[in-house]
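Protein chains: 2
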Amino acid sequence: MEITSIHNPKVKAWAKLKEKKYRDQTQMFLVAGEHLIQEAQKAGCLSELLVCKGIDPVIDGVTTYEVTKEILRKLTSLTSSENSIGVCRMPQHTFAQWERIIVLDGVQDPGNMGTIIRNAIAFNYQAVILSTDCVDIYNEKVIRATQGALFHLPILRCDLTKQLPQLKQAGITLYATALRQSVSLQSIREVHRHALIFGNEGSGIKAEIMALADHCIKIEMAAFESLNVAVASGICMYYFYQLQF
Amino acid sequence: MEITSIHNPKVKAWAKLKEKKYRDQTQMFLVAGEHLIQEAQKAGCLSELLVCKGIDPVIDGVTTYEVTKEILRKLTSLTSSENSIGVCRMPQHTFAQWERIIVLDGVQDPGNMGTIIRNAIAFNYQAVILSTDCVDIYNEKVIRATQGALFHLPILRCDLTKQLPQLKQAGITLYATALRQSVSLQSIREVHRHALIFGNEGSGIKAEIMALADHCIKIEMAAFESLNVAVASGICMYYFYQLQF
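Residue numbers (this note's numbering), protein chains in the order written: chain A, 1 to 245; chain B, 1001 to 1245.
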């Protein structure tokens, strides 16, 4: 099917998916570029495919629209030379009996969010739980930063003050990262079923979330320098991962 | 002194500092906001101060200009609500007998560059050596990402193919990070005078630089996932740092 007008109702509907409000309403989002489209397809989330006229559609069995460069540009906010866009359904996940969980409390930067999700996959975490005030993971910048990793593990958004007590009851140990009243990362010598909690870039973990933690840990440093949260999460995840060896 | 016109020759000269070419020619650069200005002053790099009319100049002994909001906006590329800008001299550094060095080969992303510099300070590295094709550290985005850390340690740009052999001759062991033909990070049990080399976000370390390394190391991971270079650098730096304990 071919669409050439940016005023086409379908184009208008897709363009609305650039806003969180409409993504939440429709449970749909956009990804740009072949790599992310293929990841979406593998995850069973790809609903429709928009390709630049003249480009062969890559994926069988998915409704494909031939569109103009102008339409593709209208649908992405970032400077992009991508020739294809995927319209995706949000993966639906529910809580399960995970052994290794990442919890994010108010992480705001799209790049950090994407990088933390990649770290979680690299170091064998099974799920990422987000506070309601974290940046939207279907934000175009987050999707780019994850490089498709968001299709590889469940990511759930919830009220942490309700969810964390349930995790504790299910036998999960909660580790928070903090600068004060904390033990050094190296002092932890074994780890079982656990969740690692990281906080907002500026203000860290909220007091009411911190109060739920079983242990507060800090990364030893030579200089008092606040590490970027994605770096701090990578260091902690790697440390916990290698404890298994 | 007060300046109200954006056509004032001084304003035009400052605005040119947004371009790398003019920064290199004049060896000057701009920082925005009180925190960075204070860091520049502490490092002895602050040359002139521009403050919004009505704001008290914070720093004695530095030529201060009262300027309009419009002028401040002209001098910063980022969305900024800062009321002050510092005109700074680039710190001049020369090679010294360092024990712990970070080497970056073609790191392009301003956020990654800034984060890696912060990691280096946190984990007690004494200098950062950049290949000539790394992003300019006086780029506004890098300066923001470092949060002033670039004033805290020497950062030098040079031809790595010439400099690395000299470091080796001076007794520095070169560790490169790589996915292939490498040993695991955990297998390294002691470390002495060394340099850690990290490469470009997409293509890694160049072959001719890799050939100079004494050891290739890889970060153990559960899934084949390429870590963000700032995260990878943080994990390696922390690991080497804690080996001292």
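Hints are computed from structural coordinates only; laboratory data are not their basis.
Be a bit skeptical, because a hint or two may be false.
List time: in silico EDC-like cross-link candidates among lysine to aspartate or glutamate, alpha-carbon distance up to 16 Å [said to hold, decoys possible]: (1) B:K1020 / B:D1133; (2) B:K1141 / A:D109; (3) B:K1053 / B:E1066; (4) B:K1162 / B:E1208; (5) A:K141 / B:D1109; (6) B:K1021 / B:D1136.
Pair ranges (Cβ atoms, derived) [unchecked claim]: (7) A:D133 / B:K1018: 43 to 49 Å; (8) B:A1223 / A:K10: 51 to 57 Å; (9) B:R1189 / A:A96: 35 to 41 Å; (10) B:K1012 / A:P91: 51 to 57 Å; (11) B:K1020 / A:E70: 28 to 34 Å; (12) A:R157 / B:I1059: 29 to 35 Å; (13) A:M90 / B:I1006: 44 to 50 Å; (14) B:R1189 / A:Q25: 32 to 38 Å; (15) B:T1068 / A:N124: 51 to 57 Å; (16) B:Q1181 / A:Q186: 25 to 31 Å; (17) A:K10 / B:Q1126: 57 to 63 Å; (18) B:Q1242 / A:A170: 29 to 35 Å; (19) A:Y22 / B:R1193: 52 to 58 Å.
To be clear about the criterion: a stretch of chain A counts as covered by chain B if any three or more of its residues have a C-beta under 8 Å from a C-beta of chain B, and this derived list gives those stretches [said to hold, decoys possible]: (20) 108–121; (21) 214–221.
Treat the numbers as computed from the prediction; the structure is a model and nothing was measured.
From the three backbone atoms N, C-alpha and C, an ideal C-beta is built for every residue, glycine too.
Quick rundown of the hints versus the structure:
no.: 1; hint: B:K1020 / B:D1133; in the structure: 13 Å, holds
no.: 2; hint: B:K1141 / A:D109; in the structure: 15 Å, holds
no.: 3; hint: B:K1053 / B:E1066; in the structure: 5 Å, holds
no.: 4; hint: B:K1162 / B:E1208; in the structure: 11 Å, holds
no.: 5; hint: A:K141 / B:D1109; in the structure: 15 Å, holds
no.: 6; hint: B:K1021 / B:D1136; in the structure: 10 Å, holds
no.: 7; hint: A:D133 / B:K1018: 43 to 49 Å; in the structure: 34 Å, violated
no.: 8; hint: B:A1223 / A:K10: 51 to 57 Å; in the structure: 37 Å, violated
no.: 9; hint: B:R1189 / A:A96: 35 to 41 Å; in the structure: 38 Å, holds
no.: 10; hint: B:K1012 / A:P91: 51 to 57 Å; in the structure: 53 Å, holds
no.: 11; hint: B:K1020 / A:E70: 28 to 34 Å; in the structure: 33 Å, holds
no.: 12; hint: A:R157 / B:I1059: 29 to 35 Å; in the structure: 45 Å, violated
no.: 13; hint: A:M90 / B:I1006: 44 to 50 Å; in the structure: 47 Å, holds
no.: 14; hint: B:R1189 / A:Q25: 32 to 38 Å; in the structure: 55 Å, violated
no.: 15; hint: B:T1068 / A:N124: 51 to 57 Å; in the structure: 55 Å, holds
no.: 16; hint: B:Q1181 / A:Q186: 25 to 31 Å; in the structure: 29 Å, holds
no.: 17; hint: A:K10 / B:Q1126: 57 to 63 Å; in the structure: 58 Å, holds
no.: 18; hint: B:Q1242 / A:A170: 29 to 35 Å; in the structure: 32 Å, holds
no.: 19; hint: A:Y22 / B:R1193: 52 to 58 Å; in the structure: 57 Å, holds
no.: 20; hint: 108–121; in the structure: holds (count 5)
no.: 21; hint: 214–221; in the structure: holds (count 3)
Hint compliance for this structure: hints 7, 8, 12, 14 are broken, all remaining hints hold.
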